[in-house]
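Undergrad: In order, the protein sequences belong to chains S, A and Z.
Counting along the first sequence from 1, when you hit position 44 you're at 44 in this note's numbering, and nothing is skipped either side.
Counting along the second sequence from 1, when you hit position 480 you're at 480 in this note's numbering, and nothing is skipped either side.
Counting along the third sequence from 1, when you hit position 57 you're at 57 in this note's numbering, and nothing is skipped either side.
Hints were generated in silico from the structure; no laboratory data involved.
Fair warning: there could be bad hints in the mix.
Simulated crosslink set (DMTMM-like; lysine to aspartate or glutamate; CA at most 20 Å straight-line) [as the list claims (entries may be wrong)]: (1) Z:Lys49 x A:Asp476; (2) Z:Lys57 x A:Asp436; (3) A:Lys165 x A:Glu207; (4) A:Lys484 x Z:Glu52; (5) S:Lys99 x Z:Glu173; (6) Z:Lys169 x S:Glu129; (7) Z:Lys169 x S:Glu220; (8) A:Lys503 x A:Asp491.
Here are some chain Z residues the structure puts well away from chain S; computed CB gaps all over 10 Å [as the list claims (entries may be wrong)]: (9) Thr7; (10) Pro12; (11) Lys18; (12) Lys57; (13) Ala60; (14) Glu69; (15) Thr78; (16) Cys79; (17) Ala94; (18) Arg146; (19) Leu149; (20) Lys156; (21) Thr158; (22) Ile170.
Fair warning: this is a prediction, and the values are worked out from it, not measured in the lab.
Positions of the beta carbon are idealized from the N, C-alpha and C atoms, including for glycine.
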Amino acid sequence: MKKKYALFPGCLMPTEQYAYELSIRETLPLLDVELVDVEGFSCCGEPMKSVNQLLTLYLSARNLAIAQKHHLDLFVPCAMCHLALTECQHILEKNPAMKDRINDMLVAEDLAYTEKRHIVHTVDLLHDEIGVQKIKEHVKKPLQGVKIAVHYGCHILRPRELGRPDDSENPQKIEAILKALGAEPVNYPQKLDCCGAPLLANLPESALTKTGQKLQAIQEQGIQGLVDVCPWCHKMFDSRQTKAGETVAAKLDVPVVYLTQLLGVAFGLSAEKLGLDLNLSPVEKLQLEAAK
Amino acid sequence: MRRIGVFVCHCGINIAQNVDVKALAEYASQLNGVVVAKEYKYMCSDVGATLIKDTIKEFKLDGVVIASCSPRMHEHTFRRVANDGGVNPYRVEISNIREQCSWAHSNKGQATEKAKFLVRSSVSKALSLEPLKPSTLKVIPEALVIGGGIAGIQTSLDLADDGFKVHLVERDPSIGGHMAQLDKTFPTLDCSSCILTPKMMEVANHENIELLSYAEIVSIEGSIGNYTVKIKKKPRYVDVDKCTGCGDCAAACRLKDRIVSEFNQGMGKRGAAYMPFPQAVPLKYVIDDKKCLFLTKGKCGDEPLCKKACVQNAITFDQKEEIIERKVGAIVVATGYDVMDPTLVYEYGYDQSPDVVTTLELERLISSSGPTKGEILRPSNQQKPKSVTFILCVGSRDETQCTWCCRIGCMTALKQVYLLREKLGEDIEINVCYNDFRSFGKGYEEFYRKVRGLHTNMFRGRPSEVRTMKDHLKIDIFDTTTSKLFEIKTDMVVLVPAMMPRKDTTQFARLLHLTLSGDGFFLEAHPKLRPVDTFVNGIFIAGCCQAPKDIQDTVSQASAAASRAATILSQDELEIDPLIAMVDEDICTGCGICVEVCPYEARTLNERKRIAEVNDALCAGCGGCIAACPSNASIHKNFTKKQLLNMVDDIM
Amino acid sequence: MSIIDLTSMGEPQSEQRKELNDRLTKLQDEISDYCFQCARCTSGCEAHKLLELEPHKIVALLKRGLINELVNADVIWTCMTCLKCRERCPQRVAPVEILFALKNIAVANGKQIPGKYTAMLQSILSIGLIQDIQQTTTRTNKTVKREELGLPPLSKPTDVAKFQAGIMKIAMEKV
Ligand SMILES: Cc1cc2nc3c(=O)[nH]c(=O)nc-3n(C[C@H](O)[C@H](O)[C@H](O)COP(=O)(O)OP(=O)(O)OC[C@H]3O[C@@H](n4cnc5c(N)ncnc54)[C@H](O)[C@@H]3O)c2cc1C
Ligand code: SF4
Ligand code: SF4
Ligand code: SF4
Ligand code: SF4
Chain S
1 MKKKYALFPG CLMPTEQYAY ELSIRETLPL LDVELVDVEG FSCCGEPMKS VNQLLTLYLS
61 ARNLAIAQKH HLDLFVPCAM CHLALTECQH ILEKNPAMKD RINDMLVAED LAYTEKRHIV
121 HTVDLLHDEI GVQKIKEHVK KPLQGVKIAV HYGCHILRPR ELGRPDDSEN PQKIEAILKA
181 LGAEPVNYPQ KLDCCGAPLL ANLPESALTK TGQKLQAIQE QGIQGLVDVC PWCHKMFDSR
241 QTKAGETVAA KLDVPVVYLT QLLGVAFGLS AEKLGLDLNL SPVEKLQLEA AK
Chain A
1 MRRIGVFVCH CGINIAQNVD VKALAEYASQ LNGVVVAKEY KYMCSDVGAT LIKDTIKEFK
61 LDGVVIASCS PRMHEHTFRR VANDGGVNPY RVEISNIREQ CSWAHSNKGQ ATEKAKFLVR
121 SSVSKALSLE PLKPSTLKVI PEALVIGGGI AGIQTSLDLA DDGFKVHLVE RDPSIGGHMA
181 QLDKTFPTLD CSSCILTPKM MEVANHENIE LLSYAEIVSI EGSIGNYTVK IKKKPRYVDV
241 DKCTGCGDCA AACRLKDRIV SEFNQGMGKR GAAYMPFPQA VPLKYVIDDK KCLFLTKGKC
301 GDEPLCKKAC VQNAITFDQK EEIIERKVGA IVVATGYDVM DPTLVYEYGY DQSPDVVTTL
361 ELERLISSSG PTKGEILRPS NQQKPKSVTF ILCVGSRDET QCTWCCRIGC MTALKQVYLL
421 REKLGEDIEI NVCYNDFRSF GKGYEEFYRK VRGLHTNMFR GRPSEVRTMK DHLKIDIFDT
481 TTSKLFEIKT DMVVLVPAMM PRKDTTQFAR LLHLTLSGDG FFLEAHPKLR PVDTFVNGIF
541 IAGCCQAPKD IQDTVSQASA AASRAATILS QDELEIDPLI AMVDEDICTG CGICVEVCPY
601 EARTLNERKR IAEVNDALCA GCGGCIAACP SNASIHKNFT KKQLLNMVDD IM
Chain Z
1 MSIIDLTSMG EPQSEQRKEL NDRLTKLQDE ISDYCFQCAR CTSGCEAHKL LELEPHKIVA
61 LLKRGLINEL VNADVIWTCM TCLKCRERCP QRVAPVEILF ALKNIAVANG KQIPGKYTAM
121 LQSILSIGLI QDIQQTTTRT NKTVKREELG LPPLSKPTDV AKFQAGIMKI AMEKV
């Protein structure tokens, strides 16, 4: 059975984190997921929560309403967007007054939020909807010998009361997927620590220090690399790795890849299709055997 | 012509401030069938009672209406007073003008009007009340005690000493409960087994106690004074009459030291033939039928080694489960508690490192009969730890786990700090992360002071998590006394887990028709005035099955429950409340619906007469059958349809 | 009768405290009054070690009603929204959400918004996203463009005027 989702790209992935988008668009259709590009989406609103949470709610509700208009469920690859949309849906469902208020404003764009949508992230889409077994069946080049740490990202794990893609304290779904790909997930005490990204807007130094500390801990434990599932986390760990290293006075060279990139490599896709040359961290150290 | 008297109570000012009691009495005296109406400050007092009795005699009353508080408070009192005065006690009607009137309204005029309605309808009911006579039931002077922890042990001994026969049912192979697992007990540091073992021995040897260990309750039928209990005796595969407790079977067992020992909290090992602990009572071996090779696979090498080793020839693999029946007059439930599974708080690392233990596990490590013979060794490397850190309130006082306080965690941690200092000396570091220290009992605060003097590092705060590092555990703790964040690197972490209701409490409660409180423990009939009673007459609760508590409180409750049970057992007969169901034999069609709905198994079908019948001793007067009966043949005495409709008519 | 904080001569603002609590219950079912100062939030706070944020103290000050002090403090802008405080609070208090509310109040009161928030807001207003397509390079320093990679055009609001009208309306309102 084909699964169909509107791809909700958010802001960061489609404007700079192309490796994630490329690898998503390459791998998911192989697993019978149809991704529909929908016009008119905007920012999920999460980056504005500090400024005005009503604006966050409005923007999230607006995006949910667009998906509703197309009768589509949502695939949201960004952890922050996923939390924003989930939380908005939660608040509107339990607070009818707020729902009416938001809907009054949505009228301006001929939109309305009236029914719940299923909102999935990369992790639960792969693990729960598609299933590890099916992923395993598609593996052509098992990732033998790839010993890698996992960074889930705060926003897909917490708060558990809103229903998140994996367990808040002992998430294991990415590990299960990695094992299906033939790789070996490595546990480390800092697994649940933050990447620092949310501070990027106003305290970039501190944000990068957080990034640097986590990467440094991984490097010191001799772990080969890091896999992530959020454009923000990846921006910190991969795109800004050198800068992050400076904040903790360390020369960092930890390969960082998106889970979907590893998925593609194991499925036998080429490095180019998966955007592997867009990773700024030394991914070649992972010695992935991507097709040419 | 009936002669009803109405008595209006002021309840001090509780009623009088919102209801015009004089006007109410005046109004009542005018009602049809009422020959006198009086008001008084406290009807339930001696003076009030005398007033009622004298009025009954003076006016030759044959029915009484008391306008006062809820019948739950004083119905019983007023029935007795009426009886003393010469009126049938079931011809007393209470009109609740306090909870349902004066307390609920603030406008005096309107409240008074409402009170008039209430009294009027009560009078109409009183006019049609039948005089009833309670029947009697012979009391079986024996007790059932369920659970052989310190609570069940104490209750059994008290009742047995009072001369009653006691059947003590314990699920495990030995009695003793959690207390048997403890090393020393706070705040006095008595050795737990030194004070417990003599009591266990007394249970074993008392002529009035039948100890049914390794047994479970299957069903309970009947009511106060006369219960029939079915008990399942699980097979021990050891003939207890022959077994001398020598231990040759355990020594010979092929699985010796291969199975985790429950008694040692999974830290020690035992065989399939085993005794849970050396002081077990009864001092008889048992064969674990879930593990034994012969019992699970039908084959244990060439022959079962235990059987070969036993010179008494006590091993009997063909023993079967047995259901026995006992009749008792009262029941005491003392099934204790469970310690919370620490993996529920995953972030505290219990699942991730063997060096994260619970206080109960530490008790076993401290105990000289434990898996390390009393040496404190770090589980991961069997070395003496250089630093031990306690975390209090794990899962307790937590809206996401157990909302209540475990009541013994603080004292247990303090006790263990003391014992660790004693065993490991001055040079090890001991840290305690606490939220508040709750040291409320006699001698507890003094004990807390003593431990403060043992240079313990006390951090006031809760850690967010425990991290398992390469060769140590790491805790970040914000200490609110210094307003500083500390990083603790430590060898062992001891979690103080919440105390929870037994896992099977809900099913067990259903078996006994007991109610649970919101936290899942058994609910007492009144938190202050009936702390060991339940809502089922004849069944009492004691110890940690009611709520977490220490041994002192457990034992006090156990003795209280014994004394409450004795109050019943010491009577020859009990009166049965006549306010129960009956069947109008002329109308009953024998459809049997009532038999199905009755939750107390009080209904049977008389096949010969083709009608339903009520067993007075079992009927609880719940009214279920009355509502269910399609032909109106089920009648609740003194709550007949006619009586109730009359009341309604009088209000409308 | 009155209460005064002698270190700052501040007085509790009970009205504002009530307003803030109402907002929190509306959005998160959260009642900060239940906090019993166990400091579990601060023990695990990602921002604490770097920037001295003390979520338990934020809750305590809120419970005292010292809202002005909180709203004017720069430290409320240091939260990393790691959500550990909300996840692990034994009393279901969510310091992170209290911090969001305080920041919102600071903005509504006209306090200077720090960092790039204003720029992001402006970008949302004009194109619906916090940023437009960025200059990106490969590991070997080659510049790449979105369309060259075969990716479809950006999804963003189609009728910008209508979209802006909606947002301008919200800017005037509070939760
Ligand atoms: C680590 C730790 C240390 C402690 N230290 C101290 C201390 O120093 N001082 C102190 O005062 N208190 C201490 N306590 C508290 C103490 O353990 C309890 O107060 C006491 O054990 C309660 O006794 P109980 O009989 O109510 O329950 P339990 O000890 O739990 O006994 C209940 C018994 O009922 C049996 N049972 C359960 N269900 C059934 C059933 N359905 N049918 C038949 N049998 C059943 C069980 O097998 C068990 O034998 C400590 C507790 C812990 C966890
Ligand atoms: S007794 Fe102490 S450890 Fe147990 S919940 Fe209460 S405060 Fe916490
Ligand atoms: S009132 Fe009826 S249903 Fe209830 S216990 Fe008596 S016989 Fe059973
Ligand atoms: S964790 Fe919760 S209860 Fe504890 S101090 Fe923080 S907000 Fe208060
Ligand atoms: S969400 Fe903010 S306040 Fe809460 S723990 Fe994380 S950084 Fe600290």
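Undergrad: Next step is simple, just say for each hint if it's right about the structure.
TA: Hints versus structure:
1. Z:Lys49 x A:Asp476: It holds: about 10 Å lies between the C-alpha atoms, which stays within 20 Å.
2. Z:Lys57 x A:Asp436: Roughly 17 Å separates the two Cα atoms, so the pair holds.
3. A:Lys165 x A:Glu207: 8 Å, holds
4. A:Lys484 x Z:Glu52: 10 Å, holds
5. S:Lys99 x Z:Glu173: 15 Å, holds
6. Z:Lys169 x S:Glu129: 39 Å, violated
7. Z:Lys169 x S:Glu220: 51 Å, violated
8. A:Lys503 x A:Asp491: 32 Å, violated
9. Thr7: Check passes; 27 Å lies beyond 10 Å.
10. Pro12: The claim holds: Pro12 (chain Z) sits with its nearest Cβ about 24 Å from chain S, beyond 10 Å.
11. Lys18: 18 Å, holds
12. Lys57: Correct as stated: the minimum Cβ-Cβ distance to chain S is 19 Å, above 10 Å.
13. Ala60: For Ala60 (chain Z), whose nearest Cβ neighbour in chain S is about 21 Å away, the distance exceeds 10 Å, so it holds.
14. Glu69: The assertion about Glu69 (chain Z) holds, with a minimum of 19 Å to chain S.
15. Thr78: 7 Å, violated
16. Cys79: 8 Å, violated
17. Ala94: Its Cβ does come within 10 Å of chain S, the nearest being 7 Å, so this is violated.
18. Arg146: Violated: least Cβ distance 7 Å, not greater than 10 Å.
19. Leu149: 6 Å, violated
20. Lys156: 6 Å, violated
21. Thr158: 5 Å, violated
22. Ile170: 5 Å, violated
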